[in-house]
Each structure stands twice: as structure tokens, then as C-alpha cells.
Amino acid sequence: MPDRLPVKKTYKLFIGGAFPRSESGRTYEAEGQNVARASRKDVRDAVRAARAAFPKWAGMTAYNRGQVLYRLAEMIEARAAEFAEYCSGRDEVERTIDRVVWYAGWTDKLAQVLGSSNPVAGPYFNFTVPEPTGVVATLAPDEPALLGIVTRIVPALTGGNAVVAVASEAHPLAGIELAEALATSDVPGGVANILTGYRGELAPWLAAHMDVNAIDVGAANGDAPDLERAAAANVKRVVHGHADTQSPWEVAAFLELKTVWHPVGQ
Amino acid sequence: MTELEHRQDRAPVPKDWTYAPAPEARDIVRLEERYGHFVGGEWLEPTETYTTISPASEEPLAQVGQATEAEVARAVQAAREAFGNGWSDVSPAERAKYLFRIARILQERSREFAVLESLNGGKPIKESRDVDLPLAAAHFFYYAGWADKLEYAFPNRRPRPIGVAGQIIPWNFPLLMLAWKIAPALAAGNTVVLKPAETTPLSALLFCDVLRQAELPAGVVNIVTGDGRTGAAIVKAEGIDKVAFTGSTEVGKAIQREVAGTGKKLTLELGGKAANIIFDDAALDQAVEGIVNGIYFNQGHVCCAGSRLLVQESIYEPVVEKLKRRLGTLRVGDPLDKNSDVGAINSKQQLEKIQELVAAGEEEGAEIYQPPCRLPEKGYWFVPTVFTNVAQSYRIAQEEIFGPVLSILTFRTPEEAVEKANNTPYGLSAGVWTEKGSRILWMAERLRAGVIWANTYNRFDPTSPFGGYKESGFGREGGRHGLAAYLQFEDGVHA
Numbered sequence: 000m001p002d003r004l005p006v007k008k009t010y011k012l013f014i015g016g017a018f019p020r021s022e023s024g025r026t027y028e029a030e031g032q033n034v035a036r037a038s039r040k041d042v043r044d045a046v047r048a049a050r051a052a053f054p055k056w057a058g059m060t061a062y063n064r065g066q067v068l069y070r071l072a073e074m075i076e077a078r079a080a081e082f083a084e085y086c087s088g089r090d091e092v093e094r095t096i097d098r099v100v101w102y103a104g105w106t107d108k109l110a111q112v113l114g115s116s117n118p119v120a121g122p123y124f125n126f127t128v129p130e131p132t133g134v135v136a137t138l139a140p141d142e143p144a145l146l147g148i149v150t151r152i153v154p155a156l157t158g159g160n161a162v163v164a165v166a167s168e169a170h171p172l173a174g175i176e177l178a179e180a181l182a183t184s185d186v187p188g189g190v191a192n193i194l195t196g197y198r199g200e201l202a203p204w205l206a207a208h209m210d211v212n213a214i215d216v217g218a219a220n221g222d223a224p225d226l227e228r229a230a231a232a233n234v235k236r237v238v239h240g241h242a243d244t245q246s247p248w249e250v251a252a253f254l255e256l257k258t259v260w261h262p263v264g265q
Numbered sequence: 000m001t002e003l004e005h006r007q008d009r010a011p012v013p014k015d016w017t018y019a020p021a022p023e024a025r026d027i028v029r030l031e032e033r034y035g036h037f038v039g040g041e042w043l044e045p046t047e048t049y050t051t052i053s054p055a056s057e058e059p060l061a062q063v064g065q066a067t068e069a070e071v072a073r074a075v076q077a078a079r080e081a082f083g084n085g086w087s088d089v090s091p092a093e094r095a096k097y098l099f100r101i102a103r104i105l106q107e108r109s110r111e112f113a114v115l116e117s118l119n120g121g122k123p124i125k126e127s128r129d130v131d132l133p134l135a136a137a138h139f140f141y142y143a144g145w146a147d148k149l150e151y152a153f154p155n156r157r158p159r160p161i162g163v164a165g166q167i168i169p170w171n172f173p174l175l176m177l178a179w180k181i182a183p184a185l186a187a188g189n190t191v192v193l194k195p196a197e198t199t200p201l202s203a204l205l206f207c208d209v210l211r212q213a214e215l216p217a218g219v220v221n222i223v224t225g226d227g228r229t230g231a232a233i234v235k236a237e238g239i240d241k242v243a244f245t246g247s248t249e250v251g252k253a254i255q256r257e258v259a260g261t262g263k264k265l266t267l268e269l270g271g272k273a274a275n276i277i278f279d280d281a282a283l284d285q286a287v288e289g290i291v292n293g294i295y296f297n298q299g300h301v302c303c304a305g306s307r308l309l310v311q312e313s314i315y316e317p318v319v320e321k322l323k324r325r326l327g328t329l330r331v332g333d334p335l336d337k338n339s340d341v342g343a344i345n346s347k348q349q350l351e352k353i354q355e356l357v358a359a360g361e362e363e364g365a366e367i368y369q370p371p372c373r374l375p376e377k378g379y380w381f382v383p384t385v386f387t388n389v390a391q392s393y394r395i396a397q398e399e400i401f402g403p404v405l406s407i408l409t410f411r412t413p414e415e416a417v418e419k420a421n422n423t424p425y426g427l428s429a430g431v432w433t434e435k436g437s438r439i440l441w442m443a444e445r446l447r448a449g450v451i452w453a454n455t456y457n458r459f460d461p462t463s464p465f466g467g468y469k470e471s472g473f474g475r476e477g478g479r480h481g482l483a484a485y486l487q488f489e490d491g492v493h494a
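Residue numbers (numbering that gives the first Met the number 0), protein chains in the order written: chain Z, 0 to 265; chain B, 0 to 494.
Hints in this document: simulated from the structure, not taken from any laboratory. Incorrect hints may have been included.
Think about it this way: if two alpha-carbon atoms lie no more than 16 Å apart in a straight line, the pair counts; the simulated EDC-like pairs of lysine to aspartate or glutamate are [said to hold, decoys possible]:
1. B:K377 - B:E57
2. B:K96 - Z:E76
3. B:K148 - Z:D97
4. B:K347 - B:E237
5. B:K263 - B:E237
6. B:K377 - B:E58
7. Z:K11 - Z:E179
8. B:K321 - B:D279
9. B:K323 - B:D284
10. B:K96 - Z:E73
11. B:K352 - B:E249
12. B:K96 - Z:E93
13. B:K321 - B:E362
14. B:K96 - Z:D97
15. Z:K7 - Z:E22
Between beta-carbon pairs, the in silico distance windows are [claimed, not checked]:
16. Z:N63 - B:E489: 31 to 41 Å
17. B:E376 - Z:N125: 55 to 65 Å
18. B:E93 - Z:N233: 56 to 66 Å
For each residue, glycine too, the CB sits at the ideal point set by N, CA and C.
Next up, chain B with everything else stripped away, as it sits in the complex (with noise of 0.2 Å):
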């Protein structure tokens, strides 16, 4: 026997090759069984409650309050009182050293904090460790070195705060959206009033204690939870200057509405329909991959997906093949196991919305593939979803799906591919896959979307400027641009 067959044979051989389980441990968290609103640093014991739960076992984790008016009435209060009575006369390089605080803190807890986030959202524990925690501790660490820095962002305007915030964040990124909306609103000097998503406010209610930690003055932030009865109360709130609202565009309009006439600042980041293109001359694998990254990540539960594939005709074969091949690798399943691709749907009524868009897309004609795959017994889930022979005028085309589901159409000339990227009256996110530098900047100059990805999708960074065009929505988030939807300036020139 040679030393090579001793060896294997001494060696364990597996029996199969299929992933063993490798969970995340959940024990770095601590749960509260019951938990109130964060008004003036203290907790405000709610009147109302409900309970929140795991997405991936439907096992309830907390009870969490339903904040009525007065609630927020009394946080909007605390925040008027905390920028009336010390916040803007913090001198803005101690601002900044809260901020930098807080960015600290974030990465020191970073584990504990992905581990709330997949466990409260469903998301798979792979991104919200490596793409969700890391994202929101360097948004703190930008807009820290902004606070004492904004009259070079803004030379001659004179740049102040507007004085309390109200936002509203969605599910998708619990916490990454918590900071993309905190840390500039604080860098600006202003105080706030936020509300998470109803379905996901574990991680909000925990930053409460990175706050406590960071020594943040009571009052500058302002916690209350509960679904959209507490984000309307936000919008309407008298001691309210700035309405900022991640969210569905339907909300985004009655929220616009409801914001008319009374002066106060608003920054809207709503639904998207991103197109991704695929020319012919596009490195294919690099693209499969961006495709998937682009639709399947977080379950598809981004506003920036890029949800219609448009292909370039001569290469539409080699591309589906490549993609449903690559589908077939995905694995779904929980959220806290590492190897876990696409974890659970965030909700039951998300569920629903998904499985009724997807009936429609198979009524109205397209042909839907999904590859074989068990899903767990319990939870919500959604198997990655891939729909061919899709018509422009489908819903499937045209609506807003926030779920892991895939149109492709196809396009011949570049001219082409513009008018069917643009034929939607969203307008947040484009990809563009070609290994010809000019073409890409011919297509960036007419996709009518403010944020267009080449040869890579769904990055994000703090420097950088993201928000839309048309219906997705007005104002940026992010980069120098960011800073302005928190300022109001003594030029006499509006925002």
C-alpha cells in the first residue's frame, strides 16, 4: 500500500457531500420578553403592544409597543426639548465624537447585532454580518467626520439644523436604514424621532443601548415602535420639521399628501423596478453572478433589486441556462446558518403579495422555473423564482414584486434596452454588463435612475449618493449629498 492509499484510508470519508448545519450562536443575544418606547432616554411603558416574531420559525420573540399619538406626541416632545435645550449648542466636534462613539460601538457588537438582525428579518446571517453590520457602523463613521466639516460640504450657505426629524424605515435593513437616516440627521445637528418597521424592531430597540453606551444626550434620539398608524402619527406630528420615509411608493404618496402645505422638509426613498443589462460582449459568469446578487440577495427584498433581466437576444440562451444552473446552488434555509444563501420572507402578508404576483405572472402568460428545492415546514419562504416570455405590460414587468422573483426580457440594440429599462415609473437603480467602458458610460447617461451599477450590482458605501428618480422617490442618502436633506441654510435658497 502506498503512504497516499494508507492515508485515505485512515482518513474519514463523508458519505454524502451535502453542507452540514453550521448555526450561528444565538446566546450572544439577549432578549427582553417585553419592550417600551425610547422617549427622553428612558423607557416609556407602551399602552398597546403586539408581538414580533422570527420570520424563519414563526416563533414569537418579544412584545413590543404600538405606539398611539400620544406616545409619539410625548417623543416628539422629548426630541424638541433635547434640540431646544442643549443638542444644537453641542459644539459640533463633540457631535461628531458621539457619532465616532456609536461607529465604535457598533463594530465592538457587531456579532451580537447580526445575529438580531437575521433572527428578527429572516435574512441570512452571511449578510447581515458582513454586508448589514459593517455598512451601518461606517455610515456612523462618515457622517461623524461630517458634523464639524459642513461648511466645506455646503461653502457660502451657511448650513444649520432644521430641528426634529421624523423617519420611517422599513424591514429590509433593519439597521443599516436606522443609520443611514440617524447618523446624518445627528452629523447635521438635529434631533429625531424614528420608527422601525413593524415587523422588524429588535435591532432598533437594542441600539437603544448603543446609545446609553455612546452617552448620547436623552432625547437627541427617539425611539417608538409599532406598524402604520404610529409612522402616519410621525408625519402629522405638529413639533415635526423633516419627514424622511423609506418605504412603498403608495406610502410614499399619501405620505407627500399628507406633508402639503405645512412647510415641513421631506426626503422620500421608494419602490423600484431596476433593469439589469446584459450585452452581449459581457463577461457571462461575472454577470450570472451579478444577476444573482442583484435579485436574490436578501431574499429580494431591496428596493434597488435588479428584478428585469434584460438580455441581449444573441446570447438569451446561454445566459438563462447559466442562470437557472446557477439557482440550482442557492441553498434556503435558515437565516442564522452560515452556509444559507437566501434565508426566510420577512412576513406572512409579504409571503402573500409574492405568491400573488407570482399567480399573476403565470395567468398573464410567462413561464415561470424554480429549482428543486425543500423548504422548512415552518416559517415563510419563497423559493428563488425565475419567469421567461415576459411581456413588458405584465405585472411581473411592472410592479414592485420586494420578493426573489426574476423577469427576464430580452433587447437587440442598446437603444433599445434604454426605452425598456426606463418604460417603468420607477427610477432607483440600473445594472449595466459590458466589458466596453464607453458603452457603459453611454448607458449611464440615459438610464433615468440615480444610481447605475457597471459590471457589479447592490453596493453600497457611506461616500456614496443613493436614491431615485421619478416614482422611486427624491432626495439622496448617503455621500455629501446626504447631508443636505438634514440642513437648512441661511442663503435663502432652499435645500
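Extracted from the complex, chain Z is given alone in its bound form (with noise of 0.2 Å):
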């Protein structure tokens, strides 16, 4: 018998940047734990939760996105160790660390590599500018379980998006440490929410969500097809994301791109 036994941690769900139970009582065992099984009501709830938070998210400035997304990465330095246990490894951790410090300088360069200025031919001032699309569900990749889902959430919050993401059914410990780096990290509850269950249960609910602008299938597997099809109910975007990437484009999936036109003259 240990002389002193360790206090377990309860792992639960990421709605709102509060940490519930999901509302349906119920849980499933992965890596060893009871995980939270989130339900369709959980799926609403966060959903309600982004659409709430992203108004101040998207109008933050730029500088501001990064500095807190730059925050993020320090904090998941400084439980780097922890990270480490749900993941690969440190080098895996490392470079999640990095991955998020890289999009952290993005935030405010995205407006000068993918907007233009526009010589449209007439006394007209015509300039375009990209706009954070709305609220993004994602599905985390299995693997790499913490570069994974990093990998997925972190461009669409750099693009001033709100995310729904459902972790990864196998391994979803990384993406409640992932919960637990973001509820100290500044980012505004309910910017990022992240769920765990059953992906198959979970997906064609985002799919359908007529208040989800965006939705990231690639870790959807089979299932791509049919949430595609359930997308278009209210014309979402639909993004194959890769599962260990980086790169602006991967922001740029998930903006609009609104073009102002105003005269010139006396």
C-alpha cells in the first residue's frame, strides 16, 4: 500500500472555458481513464458557447490574438511534462510549443500575405480584406494526439474563428490537458471548446448545426462523405485538414474575404 494515494483527476468536458460533466451522466474508459462521453445536447452547448465568444475574439486585434495565442504556448511550456505523458513524447510536446508560437505571429501578418489592395479601373479606392469565418467544428486527428489536435484547432482561433473540436476517441487525454493549457491562457471562455465521446456520435450533429460555419472532416475517416453531405445544409465550409501541417493557407481556409469599394474625388 502507498503511504499517500494520489487524488485522481475527474476528466470532463471544455464548454464555455467551464469544465462540465457531459449532461447525459454518461463516460467511456480510454487510456485508462474515465472520459467524459459528450452528447448532442453537449454538441448545442458548445456550439452556443462559440457563437457567443466569438464576437470578442474576432474583434480583438490582431497584436492581441497573438500575444494571447503566444500566452498559450507558455503555457503549455510550463506543463510541458505533463503534455509529455499523453503524447508522444517531449519532442512531440516541443513541437506543439513551436507550431502554436508560429501561428501566434501570424495573426497579425494574415491581412498583409492574403489581402490586396485592388487597382480596380475607375476613381475608386478597392481594397480586400480576410474576416474570421464564424464557428468551426474540427475533429482531432488520433494521431499525433497532442500535435493532432493542435495541429487542427490553432489555425482557425489564429484566423479569429471560434472552434467546437471533438478530441480524439482513442486518445483523448491530450486534448483535456490541451482544455486545461487553454482556460489559462487568456483565450476567452468559449473561444475554443473542446468535447470528448464518441466521434460517430458527436460529428453529424456539428455537420448538421445550422450556426457551425465551418466544419474540418479530415479525421472524420470514412465518415467524410456523409458529413460533407449534412454540411451543405447551411453551405459550411468543408476542410480536409491534415493531422501534422502548418502553414497560412491553413488559416486561410477558414476566412471569408470581404472587398470594400469607396469613390475618389474632390
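Assemble the dimeric complex from its two separately framed chains, guided by the hints.
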């Protein structure tokens, strides 16, 4: 018998900046732990939280969003040892941190690379700026456990979107740990929401939800065609994200482009 | 007695409504008695020194080095070695992380730097605290992000660093100008030798402690202090690949001549004589605030200051009247007082230059207005000044005064405003005040200046390129474009 019995963590959902259990009262066992098994109602709560948080996040200056994401990198670095236990190890954690820092540096550069001033043939000033699409649903890949979910969530956040992510069904603990880093990182509550549970059960509700603007089905495996069909109901942007990649075009996938015309004259 | 009267009776009633002193604490800054040059990560004992003072009190603050040619050569050598032995091999993502660290440390130590900046430079604490420091940190943060994204800024051009940059900065925004120079240079992978201005070396010397905390490799940033002789030695030094200068047009021209034929790359951010143009449909109170901010911000020690006010004739009287009334509310005094709007003139030499030009304005026939104002007895001060009845040919309408002195001219049509605004050898900035959007853009198309502010003035942001047309210099600082000054490209096309 050990001298002291450790206090074990309850693995919960991350919705609106809080850590509720599933309203369904269900859990499932993954990686040796009882993990919350989210329901359709939890999905809808998460989308509502994301929608409510979106204006504030999108309305922040790009510089401010960059600093908040950099703070997220600081928080992951501070918990690097714990994160290493939930993924392939220290190397994956470090790549994850560096990826978050890389995206933190993109927030205030996206408009300079993706936007344009357009020389229209007439007395008009015309420019195009990227804007976030809104609420983004993401299915996290199973591997790499930590880098994968970060690779899918952070580009959407970088562009100013709010995210509802379904953690890997097989390796959900990295996602839950990430939620704890997010909760202490100045990312406003509701901007990033992480659900655990059965992907096949949750993904269709997200794909069909009328208040979700984009869905990343890269990790949906065989279910992608059905999800894409459901996404058509409100013309969602469908993205097939990769588990380990970084590019400003990953951000662009979750952006709209707005063009403004203004006359020039005395 | 009603409850209200009872309360008023007990409340302490101020006898007069003037501001009580609100000095920012000075003890956050710990000054050394003597500073050397920061070379190769170590302090090099200087062979010659001079005293740096507080322009608000003439109080000596510290002894700093006057770098000789030999000392500059050592700094350049340290930068060369750092470039060759490691820094250029540091991965761009790691380079970014050093810059992020510097940004964070500047944020953490911002009050200390703000106090030092006001102490050594004379600018009001509310400006150093709310403008210089946040912008300096933001500049490092912004360029940190570029360090590992250069191929997105210059697609198909294979950007690479130039080598060693020699950077010479002015005294009006000492730490901010340091940030404008060092952040893009390091993001692009160069090493630097930087010289702060003769009168404001202390924030750059304290910045060396930030570099220590950030664990930046030795020799990547070297700082030498001194006057124009030190600057000249940097420009001439063999191991310098690129010169970046911010300062007067006169010195800029001398530097351009000096580097001619050497193959050194050059960017210049020089003087200005910006027009701030007010149309009759402008929101006048807002415009008056903009005029005041445009010329009295930082005592007018701003290269892009709105030093020529062009007022549409029909609103001349109300604008001048509102402006004079507003001038009377400006508080001139102790830079460390949180209520001061206008601080001390940076140096005796600069004060004399302002006095000389103001005297010339009066002699040439302009009408001077200065609000009643009690100035401190010690230190260098100048009352915020407005000139009316100014002809375009007057020296105060042509030469950069670099002080709190505004010259007012009038115009009738937009065409005339453009012509008068462009009628100077400078072309750094301009301001346009009108509620008509199309007119803002029409004016912006025709003004020969690198930055146009519309219904605002003196806005700065790391993402926004800054720099001049004509004799205000060439090259841009800030934004994606600011990187180009510190890169060379393997596509065979010059930057």
C-alpha cells in the first residue's frame, strides 16, 4: 500500500471556459481513464458558447490575439512534462509549442499576405481583407495525439474563429490537458471548446448544425462524405485538414474575404 | 440642513483647482555611474566619456562612452563574428523565439524603461508610458513573427540576411527607434552595431540588460555610444554591410555620399515638414485635437510632426480661435509628472535651434502667439507656439524646426491645398481632415508623402510601413515592407 493515495483527476468537457461533465451523465473508458462521453445536447451547448464568444475574439486586434496565442504556448511549455505523458513524448510537445508560437506570429500578418489593394479601372479605392468565418467545428486526429489536435484547432483560432473540437476518441487525454492550458491562457472562455466522446456519434450533429460555419472533416475517416452532405444544409465550408502541417493557407481555409469599394474624388 | 448640504459641509473643499503634482516614482530606475560600450556580450571600458543629463533639470545622470574608431571597429568585429559563427545558422523559428522573449521582457519592464526614457530624454511620462514602450514591445513581437515566415513575405525570392547592420538612431524616440532598427534586422538574421543618440543613450544601455535576460547570443547586438564622430565611424567601418540611419536630412545626405560606391546597402529616414490640411467640412473640435497632437506631441520632436497647418480659408478664424484656447490648457513641465502634456526640449543645442528659427519667423513678418505659461527655471523649455500670417517662403514654413512650433497657412481649393502641401523638399507625412471619404482618398493620391493620416495624426503601428518620399529619405520601416531593408535576395533583383 502506498503511503499516500494520489487524488485522481476527473476528465471532463471544456465548454464556455468551464469544465462540465456531460449532461448525459455518460463516460467511456479511454487510456485507462473514465472520460466524459458528450451528447447531442453538449454539442449544442458548445456551439452556443462558441457563437457567444466569437464577436469578442474576432473583434480583438490581431496583435492582441497573437499575444494570447503566444501565452497559450507559454502555458503548454509550463506543463510540458504532463503533456509528454499524453502523447509520443517530449519531442512532440516541443513541436506543438513551436507550432503555436508560429501561428501566434501570423495573426497580424494574414491581412498582409492574404489581403490586397485592388487597382480597379475607375476612381475607386478598392481593397480586400480576410475575416474569420465564425464558428468552426473540428474533428481531432487520433495521431499525433497532442500535435494533431493543436494543428487542427490553432489555425482556426489564429484567424479569429471560435472552435468546437471533438477530441480523439482513442487518445482524448491530450485534448483535455490542452483544455486546461487553454483555460489558463487568456483565450476567452468559449473561444475554444473541447468535447470528448464518440466521434461517430457527435460529428453528424456538428455537421448538420445550422450555426456552425465551417467543419474540418480531415479526421472523419469513412464518415466524411456523409458529413459533407450534412454540411450543405447551411453551406458550411468543408475543410480536409491534415494532422501535421503548418501553413497560412490552413488559416485561410477558415477565412472569408471582404472587398470594400470607396469613391475617390474632391 | 439637507443631507446633501450636510455632506458638502463636511467634505474637504479644494481651495483651488490647479493640478497637484503627480510625479512618477523614479526609484524604479537604477543608474550606473558609468557605462561602457556593449560589445560581444560584454561591457567594454570606454577610453573617452561624456556626461549625459536630464534635459528637464540639467542634472547629470551618468558617464557614458564616446566610442572611438577603434572601439567601433571592435564592435563591428564582434558583430561579424557573431554573424559568421552561429547566428546565421540559428534556425529562423529559434530566432523568432529570441525576439518574442525580448518583446515580453520589454513589456514586463515597461515602467522602468518609461521612467528612464522621460528622465534622459525629457518627454512626458504619459507619452513614454503609453506610446514609446507599448510600441517598442509590439515592434519586437511583430517582427518576431516574421523571422520564420520570410518566404511568405517575399515569395520566390529566396531571402537571406545581409550581414552586419550599422544603425544610427535619433533622440526623439530613443527606445522605439532602437526597436524599429533592431527588430527587423534580427528577424531577417543579421547582427547589428547600434548607436543611440548622443543625448539619449541610457535606454539603449539598459536594453543590453534585456538582451542578457533574453539570453541572446553574444555579439548579435552591439551598442556603442557617442556623438556624430562615432556615427561616422560606423558608416565608414569596413565590416558593415548595411547602414540604417534616422535623423536629419543634412546628415542623411552626408551618409549617402559616404557610402556611395562602397556597395553598402542604405536606408534613410530623415526630416519632414508635414502639412496638416483642414477642410471646412471637418469635425473642427476633433481636428483641433489632431492639430495639437500633430505638433505638440513629444515637444514637436517628431520627424513626421504636422508642423504646417493648412486651413481652408472659410474656417480660418474658428480654427485659430479654438486652437489658441486649447493651447492655454496644455501643461508644460516636469516630464515625470503624469499630468504634463509637454515636457522638456531634448538639449540646449536643440533649444537654441528652435529659438533661432522662431526669431527668424518674427523677423520675416509672421505673427507669434504663445499662451501664458510658467516654465521651470532649470532645464530646457519652450512654450508651445503658433505662427499666423505665414508666407510659404518663410523659413518657419520651409525648414524643419523639430520643436513645438506650428506655422498656419490658408488655402481655398483642394488643388491649392495639394500644391502648398507638396511645396517642400520633404515628403514624410501629411494629414487630411474632412468628413468626405472620397476627398480623403483624392488628397491621398496627390500628396507626395510616405504616410497620410486622415482624421487622425501621429498614429504608429508595427504592421504599418513608415518612411518618406523625396528628401525625407528612402526605405520603409514597419510592416512587411520593413523587412526588405535587411534582406538580400537570390533572385538577382536588388531589394
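Okay, the hints, checked on the actual structure:
no., hint, in the structure
1, B:K377 - B:E57, "holds (7 Å)"
2, B:K96 - Z:E76, "holds (13 Å)"
3, B:K148 - Z:D97, "holds (13 Å)"
4, B:K347 - B:E237, "violated (34 Å)"
5, B:K263 - B:E237, "holds (10 Å)"
6, B:K377 - B:E58, "holds (9 Å)"
7, Z:K11 - Z:E179, "holds (10 Å)"
8, B:K321 - B:D279, "holds (14 Å)"
9, B:K323 - B:D284, "holds (12 Å)"
10, B:K96 - Z:E73, "holds (11 Å)"
11, B:K352 - B:E249, "holds (14 Å)"
12, B:K96 - Z:E93, "holds (13 Å)"
13, B:K321 - B:E362, "violated (26 Å)"
14, B:K96 - Z:D97, "holds (9 Å)"
15, Z:K7 - Z:E22, "violated (21 Å)"
16, Z:N63 - B:E489: 31 to 41 Å, "holds (36 Å)"
17, B:E376 - Z:N125: 55 to 65 Å, "holds (58 Å)"
18, B:E93 - Z:N233: 56 to 66 Å, "violated (43 Å)"
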